[in-house]
Structure formats: structure tokens, C-alpha cells
Amino acid sequence: MTTTSNTTKSVFVLDDDDFSQDVMAGMLSELGITEVTTALNGKNALQQLANMSTPPDLLICDILMPDMDGMDFLMELGKLHYKGKVMLVSGIAEDVLKIAEDVVRADGIQLLGAFIKPIKLEDLRRAITQDSP
Numbered sequence: 001m002t003t004t005s006n007t008t009k010s011v012f013v014l015d016d017d018d019f020s021q022d023v024m025a026g027m028l029s030e031l032g033i034t035e036v037t038t039a040l041n042g043k044n045a046l047q048q049l050a051n052m053s054t055p056p057d058l059l060i061c062d063i064l065m066p067d068m069d070g071m072d073f074l075m076e077l078g079k080l081h082y083k084g085k086v087m088l089v090s091g092i093a094e095d096v097l098k099i100a101e102d103v104v105r106a107d108g109i110q111l112l113g114a115f116i117k118p119i120k121l122e123d124l125r126r127a128i129t130q131d132s133p
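Its first residue numbered 1, the sequence shown is counted upward by one per residue in the UniProt record's numbering.
For the record, the hints were derived by calculation from the structure and aren't laboratory data.
Since the model is a prediction, treat every value here as computed from it, not as a measurement.
Warning: the hint list may mix true and false statements.
Unchecked claim - In silico DSS-like links for lysine-lysine, alpha-carbon gap of 30 angstroms or less: (1) Lys117 / Lys43; (2) Lys120 / Lys83; (3) Lys79 / Lys98; (4) Lys9 / Lys83; (5) Lys120 / Lys98; (6) Lys43 / Lys83; (7) Lys9 / Lys43; (8) Lys83 / Lys117; (9) Lys98 / Lys9; (10) Lys43 / Lys98; (11) Lys9 / Lys79; (12) Lys83 / Lys98; (13) Lys120 / Lys9; (14) Lys117 / Lys9; (15) Lys117 / Lys79; (16) Lys117 / Lys98.
As the list claims (entries may be wrong) - Listed next, with one range per pair, are the computed distances between beta-carbon atoms: (17) Val103 / Leu80: 17 to 23 angstroms; (18) Gln48 / Arg126: 24 to 30 angstroms; (19) Ala106 / Leu80: 16 to 22 angstroms; (20) Asp17 / Asp123: 17 to 23 angstroms; (21) Gly108 / Asp22: 28 to 34 angstroms; (22) Thr37 / Leu121: 16 to 22 angstroms; (23) Thr34 / Glu122: 18 to 24 angstroms; (24) Glu101 / Pro66: 17 to 23 angstroms; (25) Thr7 / Glu122: 17 to 23 angstroms; (26) Ser53 / Ala93: 36 to 42 angstroms.
Don't be surprised by glycine CBs; every beta carbon is placed ideally from N, CA and C.
Please take these sequences and the hints and turn them into a complete structure.
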């Protein structure tokens, strides 16, 4: 196991694909992060986050999801006053992902980056261990 040297201890993964969640949880485990919570849709994620006594240090969010996409979810997340960091992951085109990244940053969210799926372990490690977004 390769551990990270930062303060990220808990991660919330929002992705409508079970396999993608499992892969992400496995990579996070390799980085020494074992406190991982998951949700398959934005509405469920908002409910879980609202009920957490301690919010996660990092939220990893897919962009394209049914019912409530990642962008709508992030707008609603602001109402919960989430102060943690966010990473975007998606299978959408890179230029669309860049636009999503710009929108999220403009909303004042601490964005660690936006990545095309499948994210590489080294990219995940680098994003999580960076000192500033």
C-alpha cells in the first residue's frame, strides 16, 4: 500500500456506475484512504451528506448521471455549506469537462481537478496530495 502524505482521510464517491465506484474505492485504499462512502445518485448523496456528523474531506463527483447530474448536485451541495474539496471525474469529452471545471471553480468550490475516466492512480494521488487547488 502506498499512502498519501496529506490530511485527506475520508472520501465520498458519487457515481451512478457501481463498477466505477468499486475501482475508485480500490484506488483510494491503495493510497491509504479507507473511509469511503458512496452514492449512486445526487439526491441520495445529498441526503447522506446532510446526515453526516462530519463531512468528508473530499468529494469525488461524476458529471453525467441520471435524475440529477453532477453540476446540479454541486449547486445543491452549496446549500449544505460543504467546505471540503471536490474532484470531477467523467467520461465526457475533455472540452466539456474543462467547461464544467471552470463553472465549479467560478462557484468558489475547492476543486482539485477534473479527470477523464478512467482516472489513473498516479493522477488521483497527485490531485489528493497537492497543497492547493
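Taking the hints in turn, this is what the structure says about them:
| no. | hint | verdict |
| --- | --- | --- |
| 1 | Lys117 / Lys43 | holds, 22 angstroms |
| 2 | Lys120 / Lys83 | holds, 26 angstroms |
| 3 | Lys79 / Lys98 | holds, 24 angstroms |
| 4 | Lys9 / Lys83 | holds, 15 angstroms |
| 5 | Lys120 / Lys98 | holds, 18 angstroms |
| 6 | Lys43 / Lys83 | holds, 19 angstroms |
| 7 | Lys9 / Lys43 | holds, 24 angstroms |
| 8 | Lys83 / Lys117 | holds, 25 angstroms |
| 9 | Lys98 / Lys9 | holds, 27 angstroms |
| 10 | Lys43 / Lys98 | holds, 24 angstroms |
| 11 | Lys9 / Lys79 | holds, 23 angstroms |
| 12 | Lys83 / Lys98 | holds, 22 angstroms |
| 13 | Lys120 / Lys9 | holds, 20 angstroms |
| 14 | Lys117 / Lys9 | holds, 23 angstroms |
| 15 | Lys117 / Lys79 | holds, 28 angstroms |
| 16 | Lys117 / Lys98 | holds, 14 angstroms |
| 17 | Val103 / Leu80: 17 to 23 angstroms | holds, 18 angstroms |
| 18 | Gln48 / Arg126: 24 to 30 angstroms | holds, 27 angstroms |
| 19 | Ala106 / Leu80: 16 to 22 angstroms | holds, 19 angstroms |
| 20 | Asp17 / Asp123: 17 to 23 angstroms | holds, 18 angstroms |
| 21 | Gly108 / Asp22: 28 to 34 angstroms | holds, 32 angstroms |
| 22 | Thr37 / Leu121: 16 to 22 angstroms | holds, 20 angstroms |
| 23 | Thr34 / Glu122: 18 to 24 angstroms | holds, 20 angstroms |
| 24 | Glu101 / Pro66: 17 to 23 angstroms | holds, 22 angstroms |
| 25 | Thr7 / Glu122: 17 to 23 angstroms | holds, 20 angstroms |
| 26 | Ser53 / Ala93: 36 to 42 angstroms | holds, 39 angstroms |
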